[in-house]
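Peer 1: Sequence:
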Amino acid sequence: MRQTCGSRIPGSVASHRTHKGGGHAEEYEDAYRICPPVLDDQIDVASLRIALSDGASESALAGLWARSLVDHFAGVTPEALVSAERFGREAVAASASWPATLSDYVAGREADGRPIQWYEQPKLDRGAYATLLALGFRVSMANEGQWFAAAIGDCCLFQVRDDSLITTFPLAESADFGTSPDLLNSRNQDSGRIVERVAMGAGSIRQQDDIYLCTDAVAAWFLREAEHGGRPWEILRDLGTADGPDFAEFVGEERLSGRMRNDDATLIHVSVW
Numbered sequence: 001m002r003q004t005c006g007s008r009i010p011g012s013v014a015s016h017r018t019h020k021g022g023g024h025a026e027e028y029e030d031a032y033r034i035c036p037p038v039l040d041d042q043i044d045v046a047s048l049r050i051a052l053s054d055g056a057s058e059s060a061l062a063g064l065w066a067r068s069l070v071d072h073f074a075g076v077t078p079e080a081l082v083s084a085e086r087f088g089r090e091a092v093a094a095s096a097s098w099p100a101t102l103s104d105y106v107a108g109r110e111a112d113g114r115p116i117q118w119y120e121q122p123k124l125d126r127g128a129y130a131t132l133l134a135l136g137f138r139v140s141m142a143n144e145g146q147w148f149a150a151a152i153g154d155c156c157l158f159q160v161r162d163d164s165l166i167t168t169f170p171l172a173e174s175a176d177f178g179t180s181p182d183l184l185n186s187r188n189q190d191s192g193r194i195v196e197r198v199a200m201g202a203g204s205i206r207q208q209d210d211i212y213l214c215t216d217a218v219a220a221w222f223l224r225e226a227e228h229g230g231r232p233w234e235i236l237r238d239l240g241t242a243d244g245p246d247f248a249e250f251v252g253e254e255r256l257s258g259r260m261r262n263d264d265a266t267l268i269h270v271s272v273w
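Per the UniProt record's numbering, the very first residue in the sequence shown carries number 1; after that it's consecutive.
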């Protein structure tokens, strides 16, 4: 069934973020990029590229690396998100800019009178680590809307159609979340290692579909709620609306209840009209 309008897919996109409870906003180490930037209430979903990353806090400069990754992958061609080999080459290309990024950071520290200390150097030498989920859309030759995605780690995509969860990618169960997800390293130049670990996904999109991209704390909460018969998408769909909760307040309540892990939390909602 054809659901697009010419080569366009009308829809909207909304993003929400909050830092770890007890921390400060500047310590937020998730990152996301939506390209092209959202300037109107209505957008062409077919033109969207979205990248979402969660910096691994045990590594140095994880947030900076996460931002570098999303900046790079929000601008890649569709081929990089449907071919594991192309994805691997793009990940290595993103790493190629890290030495300059690190040099700028070190110079900034020195200019501020806070030079790198000896105990910081080993972590800097090991590089930064982060997960990544990159998503794109297109209209097929048959005029069908499609999504395609690539993921390293535990950022997740959920697709809801007719009030039912029809896609979970790359993880399918809340039990799949652990303490050691696959990560991209800022110093890795071996695309083969990345090709072995990247998950590739694709599917169709129709009018009234909703797609949610979440970093791990929100994603694990989402799957756990769904496994217990809940409809977590109903809560996420209404965030920021007149009838819905504020994202930071919602996350805070779920943390206090023990239903959501205390971590940086990021959500991107793509709605197909």
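Calculated directly from the structure, the hints in this document are not laboratory data. Here the structure is a predicted model, which means the values were calculated and not measured. All C-beta atoms, glycine included, are put in the ideal place defined by N, C-alpha and C. Fair warning: there could be bad hints in the mix.
[Said to hold, decoys possible] Label-pair distances were calculated between CB atoms; the ranges are:
#	residue 1	residue 2	range
1	A175	N143	14 to 24 Å
2	R193	S7	35 to 45 Å
3	R114	D163	44 to 54 Å
4	S204	D112	49 to 59 Å
5	A248	L39	33 to 43 Å
6	E234	V106	44 to 54 Å
7	Q207	T241	33 to 43 Å
8	W273	Q189	41 to 51 Å
9	R231	Y119	26 to 36 Å
10	E144	T101	17 to 27 Å
[Unchecked claim] Below, a list of computed lysine to aspartate or glutamate pairs in the DMTMM-like style, where the Cα atoms sit at most 25 Å apart:
#	residue 1	residue 2
11	K123	E144
12	K20	E225
13	K20	D71
14	K123	D182
15	K123	E26
16	K123	D104
17	K20	E120
18	K123	E254
19	K20	D190
20	K123	D112
21	K123	D71
22	K123	E173
23	K20	E254
24	K20	D182
25	K20	D238
26	K20	E79
27	K20	E173
28	K20	D176
29	K123	E58
30	K20	E249
31	K20	E253
32	K123	D243
Peer 1: Under the constraints set out in the numbered hints, which ones does this structure not fulfil?
Peer 2: 1, 5, 7, 9, 10, 11, 18, 19, 22, 26 and 32
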